[in-house]
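Asker: We have chain A already, so just place chain B on it with the hints.
There are 2 protein chains.
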Amino acid sequence: MFNKILIIGCGLIGSSILRAVIDKKISKKIYILEKSKKNISKIKKINSNLNFLNKVDKNVSGINFVILCTPMSEYEKIILKLNNFLSPHTLLTDVGSTKKNLLKLKNKKLNKKLNWIMSHPISGSEVSGPEYGNKNLFKKKWCIIIEDKNKKALLKISKFWKKIGSKIVFMQSDEHDKIFSMTSHLPHLIAYNLIKTAQDFQKKNKKNIIKFSAGGLRDFSRTAASNEIMWRDVFFSNKSNMIKVIEMFTKNLNGLKKNIKFSEDKKLIKILKNSKKVRKQIIELKQDVSKPDFGRKNI
Amino acid sequence: MFNKILIIGCGLIGSSILRAVIDKKISKKIYILEKSKKNISKIKKINSNLNFLNKVDKNVSGINFVILCTPMSEYEKIILKLNNFLSPHTLLTDVGSTKKNLLKLKNKKLNKKLNWIMSHPISGSEVSGPEYGNKNLFKKKWCIIIEDKNKKALLKISKFWKKIGSKIVFMQSDEHDKIFSMTSHLPHLIAYNLIKTAQDFQKKNKKNIIKFSAGGLRDFSRTAASNEIMWRDVFFSNKSNMIKVIEMFTKNLNGLKKNIKFSEDKKLIKILKNSKKVRKQIIELKQDVSKPDFGRKNI
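Going down the list, the sequences are from chains A and B.
Converting from the first sequence to the working numbering requires adding 2 to each position, the first position being numbered 1.
Converting from the second sequence to the working numbering requires adding 2 to each position, the first position being numbered 1.
Just chain A, with the same shape it has in the complex:
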């Protein structure tokens, strides 16, 4: 599919793309730009035939396809360097979790001759680092591609993601950021907040409560173990949508508090019952495993 691919930032997502690219024989040569020496030695174990770059320089001019997989807060710095060396024939994409901020970056900072089509594969995990990468991470998962007037480039990007197993949806950047503020960014923020509250509770009451976390807390702790740099970037980049969904959430929580305080039986039961429908839909849409308890075995 390509002669030369360059992956910039090779953690969980970058190394999963790397593994999939090797598996599907998508590129003759694979280039990696990764700052962490510790990560580089882990990546070398994946495949001995990789080419490591130290920085963005003239070596990137012949690359056909570049994928940005660093935290979003590093994109600007990288884009400014790519401006000097990338060829107009190179296709550039990214895997960032918010898009309006990146569209702004593209419009303001990217050399007008270069082609950046934005992608967001909906896959990830609470673990970070190339050792956790998985060639099947994108298999049967949605990948959102942001609409662009360069239809040829859109088609090429779609082909790439499909090749490594993704299902494609096209969206505008503002629609993307709105939807994922609710399905991804708010759930992560809420999980972080619940764990913070449990930590405060533990400190205040001087009790070891974590040992009893199997009652529900443990599920949230997984989500709240996600990479803090990535999520800081997401929350800051999607500020206005975040504030809106936090306010919706808080309003509903106040409602539930009132239902509990005044023993409003019917109102409470209706809400608790209704949420089952979402689980059913999620399983039908193959967004989660159907087995109770995520198929988690006794520990």
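Bear in mind the hints are in silico, worked out from the structure with no lab data behind them.
Even for Gly, the Cβ is constructed at its ideal location relative to N, Cα and C.
Everything hinted at is true.
Residues of chain B clear of chain A, computed beta-carbon distances all greater than 12 angstroms: (1) 40; (2) 56; (3) 151; (4) 164.
In silico DSSO-like pairs for lysine-lysine, Cα to Cα no more than 30 angstroms straight-line: (5) 164/A to 209/B; (6) 246/B to 268/B; (7) 282/A to 259/A; (8) 299/A to 278/B; (9) 278/B to 209/A; (10) 154/B to 30/B; (11) 275/B to 47/A; (12) 153/A to 141/A; (13) 206/B to 263/A; (14) 213/A to 278/B.
Here are a few chain A residues that face chain B, going by a calculated C-beta distance under 7 angstroms: (15) 129; (16) 184; (17) 215; (18) 221; (19) 250; (20) 265; (21) 273; (22) 281; (23) 295; (24) 296.
Answerer: For chain B alone, coordinates are given in the frame of chain A:
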């Protein structure tokens, strides 16, 4: 261990106890009191040697051990009936998720000659009904037993739970209700609230967002698919603790909102980073599987 055991209410928890009792040969005869005909036919498939009772009557007088496994809102009605027929030699326990309310019920309504020692096995699932029961549901899980002056009965109850695999902790009822308001009840309420918010968002924006739930929402939807009667009972029974933890949670969420709004980088990073410690502890304490993503396979 016993000649005759009676399980009252045979859904997920009752039928898991039933399966464990059969597996460990804990009782010569097993009696079941279950209202739902649909459930009865499912329970008959577990074992053909069970004795079904229609109601609490003179037949319960010879039972050695009774376990209440109905929703807590049915306990009072059952206790009033047991008062008329149960023998002072019978040991009574329950599996309710809150305890101060049950202690009150015991003090106010239980015949003084009868022995009720309270238990709370920390195990469950989002699914309901006897078909989902599992003899290993309690294995290596905590079972909280509420302190009582009847030490002989405490010992007997402990032996029972240990026999089916539980690890025992003794607590006072108020300590129990406080701890579990944070580790279990609040996480469930928050999951319900997040799903309710996602449903409102979907309605307001006329978008199918559920199909993109793999970004985080799906984990919450599992918890929020739990039985609504059970959880209504829990929330109402633990009202004052619930209100306190909701207020702690809301205060922290307002803090995070402020961190996001004003791009308070260091404060936000500190919170997001700190929560990793809890995940680490949970895994060390064997409260969850250590595999990323709960060991969930690609769907």
